[in-house]
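Can you build the whole structure from these sequences, using the hints too?
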Amino acid sequence: MSGPFLNGAGMWAIYRTEMARMRRTIWQSVATPVITTVLYFIVFGGAIGSRIQHVGGVGYGAFIVPGLIMLTLLTQSISNASIGIYFPKFTKTIFEILSAPLSFTEAVFAYVGAAATKSILLALIILATATFFVPVRILHPGWMVAFLLLTAIAFSLFGFIVGIWAENFEQLAIIPALVVTPLTFLGGAFYSIDMLPQPWQTINLLNPVVYLISGFRWSFYGTGDIGVGTSLAFTAAFMAICVALLWWIFRTGYRLKP
Amino acid sequence: MPPILSVRAVAKTYKNGFTALRAVDLAIEKGEIFALLGPNGAGKTTLISIVCGTVTMTSGQVLVDGHDIARDYRAARSRIGLVPQEIALDIFATVWNTVSFSRGLFGKRPNPAYIESLLRDLSLWDKRNSRVIELSGGMKRRVMIAKALSHEPDILFLDEPTAGVDVGLRRDMWTLVRKLRDKGVTVILTTHYIEEAEEMADRVGVIDDGRLLLVEETTHLMRKLGKRRLTLALQHPMEAIPPELAGWSLELEADGQHLVYSFDANAEDTGIPTLLRRLGEKGIDFKDLDTSRSSLEDIFVSLVERAA
Ligand SMILES: Nc1ncnc2c1ncn2[C@@H]1O[C@H](COP(=O)(O)OP(=O)(O)O)[C@@H](O)[C@H]1O
Ligand SMILES: [Mg+2]
Chain F
1 MSGPFLNGAG MWAIYRTEMA RMRRTIWQSV ATPVITTVLY FIVFGGAIGS
51 RIQHVGGVGY GAFIVPGLIM LTLLTQSISN ASIGIYFPKF TKTIFEILSA
101 PLSFTEAVFA YVGAAATKSI LLALIILATA TFFVPVRILH PGWMVAFLLL
151 TAIAFSLFGF IVGIWAENFE QLAIIPALVV TPLTFLGGAF YSIDMLPQPW
201 QTINLLNPVV YLISGFRWSF YGTGDIGVGT SLAFTAAFMA ICVALLWWIF
251 RTGYRLKP
Chain A
1 MPPILSVRAV AKTYKNGFTA LRAVDLAIEK GEIFALLGPN GAGKTTLISI
51 VCGTVTMTSG QVLVDGHDIA RDYRAARSRI GLVPQEIALD IFATVWNTVS
101 FSRGLFGKRP NPAYIESLLR DLSLWDKRNS RVIELSGGMK RRVMIAKALS
151 HEPDILFLDE PTAGVDVGLR RDMWTLVRKL RDKGVTVILT THYIEEAEEM
201 ADRVGVIDDG RLLLVEETTH LMRKLGKRRL TLALQHPMEA IPPELAGWSL
251 ELEADGQHLV YSFDANAEDT GIPTLLRRLG EKGIDFKDLD TSRSSLEDIF
301 VSLVERAA
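Each protein sequence line maps, in turn, to chains F and A.
Using the numbering used here, the letters of the first sequence correspond one by one to residues 1 to 258.
Using the numbering used here, the letters of the second sequence correspond one by one to residues 1 to 308.
Treat the hints as calculated values from the structure; they're not laboratory data.
It is possible that part of the hints are untrue.
Straight line, CA to CA, 25 Å or less: simulated PhoX-like cross-link-like pairs of lysine-lysine [claimed, not checked]:
#, chain 1, residue 1, chain 2, residue 2
1, A, Lys-287, A, Lys-227
2, A, Lys-140, F, Lys-92
3, A, Lys-179, A, Lys-108
4, A, Lys-140, F, Lys-89
5, A, Lys-127, F, Lys-92
6, A, Lys-282, F, Lys-92
7, A, Lys-15, F, Lys-89
8, A, Lys-15, F, Lys-92
9, A, Lys-15, F, Lys-257
10, F, Lys-89, A, Lys-108
11, A, Lys-30, A, Lys-183
Here are a few chain F residues that face chain A, going by a calculated C-beta distance under 10 Å [unchecked claim]:
#, residue
12, Phe-5
13, Leu-98
14, Gly-253
Since the structure is predicted, the reported quantities are computational estimates derived from the model, not experimental observations.
Glycine included, every Cβ here is placed at the ideal spot set by N, Cα and C.
Below, the structure is given as structure tokens:
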């Protein structure tokens with residue numbers, strides 16, 4: 001029994017504080033992904049794209065837009081959520097969260113909600129930036145929003161787990177550097193995966209990011225490497241794994257309570 | 001009236017195999033000031049961390065105002081405020097924001113008037129818009145107290161509240177604790193200073209090596225343990241205590257150079273004047289004298305001996 005009420009005020013307090021923490025670093029948060037994206041457009045869209053022309057009937061510049069948005073969405077979701085929970089662990093202020101009349105689920109909702117909000121805002125900024133460089137169409141806006149939300153939440157959950165797991169700043173940085181960036185680059189952000197040589201093409205089917213980018217690109221241009229249903233199912237499965245891991249963390253108090 | 005806090009057979013073995021608490025039983029009455037007294041490593045922090053939900057217990061049960069801290073943790077925790085041993089604050093937040101955050105976290109509606117009075121009581125009002133990073137150590141500790149009280153708890157835990165604290169804050173803190181008690185708030189503090197327990201608490205629980213050795217009203221405990229030692233540095237060392245002095249509980253220390261008299265500080269007649277007179281009559285001269293209170297260590301030794 002988790003008690004008679006839902007601690008909405010407690011969730012709101014965490015959400016607001018997290019958003020305030022992000023506002024304090026607003027310029028780093030916005031500038032880095034925007035500059036990176038502009039660079040990608042110049043290098044990939046301009047320099048390389050002028051030789052590639054079209055991928056699946058879409059101009060190369062426009063083709064990479066969904067991939068770039070996903071790249072930002074993934075890295076931002078993971079870093080926001082992992083820092084969000086790692087920081088109170090590091091400053092020991094987590095005692096307050098642990099001693100509050102707040103369920104574990106409520107705490108996860110608040111932290112993950114704040115991280116996902118911020119990464120979605122950034123993704124929209126990237127989308128807006130992209131429209132300055134290339135014509136962007138969105139064929140299925142509803143699906144686009146669904147993929148945006150689902151991905152932001154799934155990877156914020158993943159980031160939250162990373163933040164609980166990490167015992168120092170190196171460990172906090174290693175997952176994005178060692179896992180996420182390679183998976184994203186191999187995941188077809190800048191090319192269609194059928195352009196990869198075998199056996200990489202087949203191996204890449206184990207890469208969850210392939211499904212995200214493909215599904216997301218489909219919502220823009222109606223074409224993707226993989227069927228949209230499979231993409232959604234894969235994203236949902238990834239989310240389910242994260243939720244299961246969090247459930248285990250909660251049951252065992254893993255790295256939160258001695 | 002049922003106790004506001006009831007700890008039943010609570011034991012804790014940490015993951016490294018160290019047993020910090022062995023089946024502790026404790027009942028705290030509503031509105032009392034209770035001191036948990038024990039040396040470093042006794043298990044004080046472990047016990048209050050379990051009650052507050054920041055450490056899991058290995059076995060046992062805790063009820064806060066009748067609510068089980070495991071099954072009914074919302075009701076239990078919303079009644080508790082905790083000031084931990086170490087300062088832990090979001091240094092970038094302002095005083096006002098971090099205190100308001102704590103109130104929200106505990107599920108309470110905003111109440112600026114209450115937060116204002118709290119900050120005024122703790123001499124933090126002028127600093128309300130300062131960021132925590134700009135505050136001195138003492139001020140940070142005040143912020144910790146304000147956060148713990150922000151949701152108007154029924155029970156306040158203060159873990160080593162005066163360790164490394166200046167006189168001004170110490171005085172303010174005790175004033176605050178008395179004020180809280182007058183409002184019916186139960187205060188549970190930990191300390192390894194016997195004077196502090198004596199000064200503040202209605203009752204004292206003595207804990208050592210994970211065991212609660214006894215729980216007593218402070219006045220009883222002090223009477224029991226209020227032994228003092230009078231040490232006389234003798235001019236001429238003694239081999240044995242002369243039979244004429246058998247009426248006093250005397251001991252020789254430092255190779256017969258010190259004559260030590262243990263007496264009850266609370267007694268009407270300490271026996272000191274007659275002892276000194278008798279020594280004069282016997283021509284036993286001393287060059288110096290000193291009295292000291294039995295140290296916490298002495299007390300533990302005597303308690304453990306008594307328990308055995
Ligand atoms: N997380 C932990 N893991 C292992 N041992 C611990 C942990 N926390 C405390 N201890 C040990 O438990 C004992 C009691 O600690 P504590 O409750 O902090 O004592 P006190 O507050 O009375 O000084 C100490 O010996 C301490 O080293
Ligand atoms: Mg302690």
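Verification of the hints:
For the hint linking Lys-287 (chain A) to Lys-227 (chain A), the alpha-carbon distance of about 23 Å falls within 25 Å, and the restraint holds. Taken as a hint, the Lys-140 (chain A) and Lys-92 (chain F) pair is honoured in the structure, with Cα atoms around 14 Å apart against an allowance of 25 Å. For the suggested pair Lys-179 (chain A) and Lys-108 (chain A), the alpha carbons sit about 22 Å apart, so the restraint of at most 25 Å is met. A distance of roughly 19 Å separates the Cα atoms of Lys-140 (chain A) and Lys-89 (chain F); the hinted pair therefore holds under the 25 Å criterion.
With a C-alpha separation of about 23 Å, the suggested pairing of Lys-127 (chain A) with Lys-92 (chain F) holds against the 25 Å cut-off. For the suggested pair Lys-282 (chain A) and Lys-92 (chain F), the alpha carbons sit about 64 Å apart, so the restraint of at most 25 Å is broken. Our distance criterion of 25 Å between C-alpha atoms is met by Lys-15 (chain A) and Lys-89 (chain F), whose separation comes to about 18 Å. Restraint check: the Cα-Cα separation between Lys-15 (chain A) and Lys-92 (chain F) comes to about 19 Å, which is no more than 25 Å; the hinted pair holds.
Annotation: proposed proximity of Lys-15 (chain A) to Lys-257 (chain F) holds, straight-line Cα distance about 11 Å (limit 25 Å). Taking the CA atoms of Lys-89 (chain F) and Lys-108 (chain A), the gap is about 24 Å. The hint holds against a cut of 25 Å. Taking the CA atoms of Lys-30 (chain A) and Lys-183 (chain A), the gap is about 11 Å. The hint holds against a cut of 25 Å. Given the 10 Å rule on beta carbons, the hint for Phe-5 (chain F) holds: about 7 Å separates it from the nearest Cβ of chain A.
Of the supplied interface hints, the one on Leu-98 (chain F) holds, with its beta-carbon coming within about 5 Å of a beta-carbon of chain A, less than 10 Å. Hint on Gly-253 (chain F) holds. Least Cβ distance to chain A is approximately 5 Å, under the 10 Å limit.
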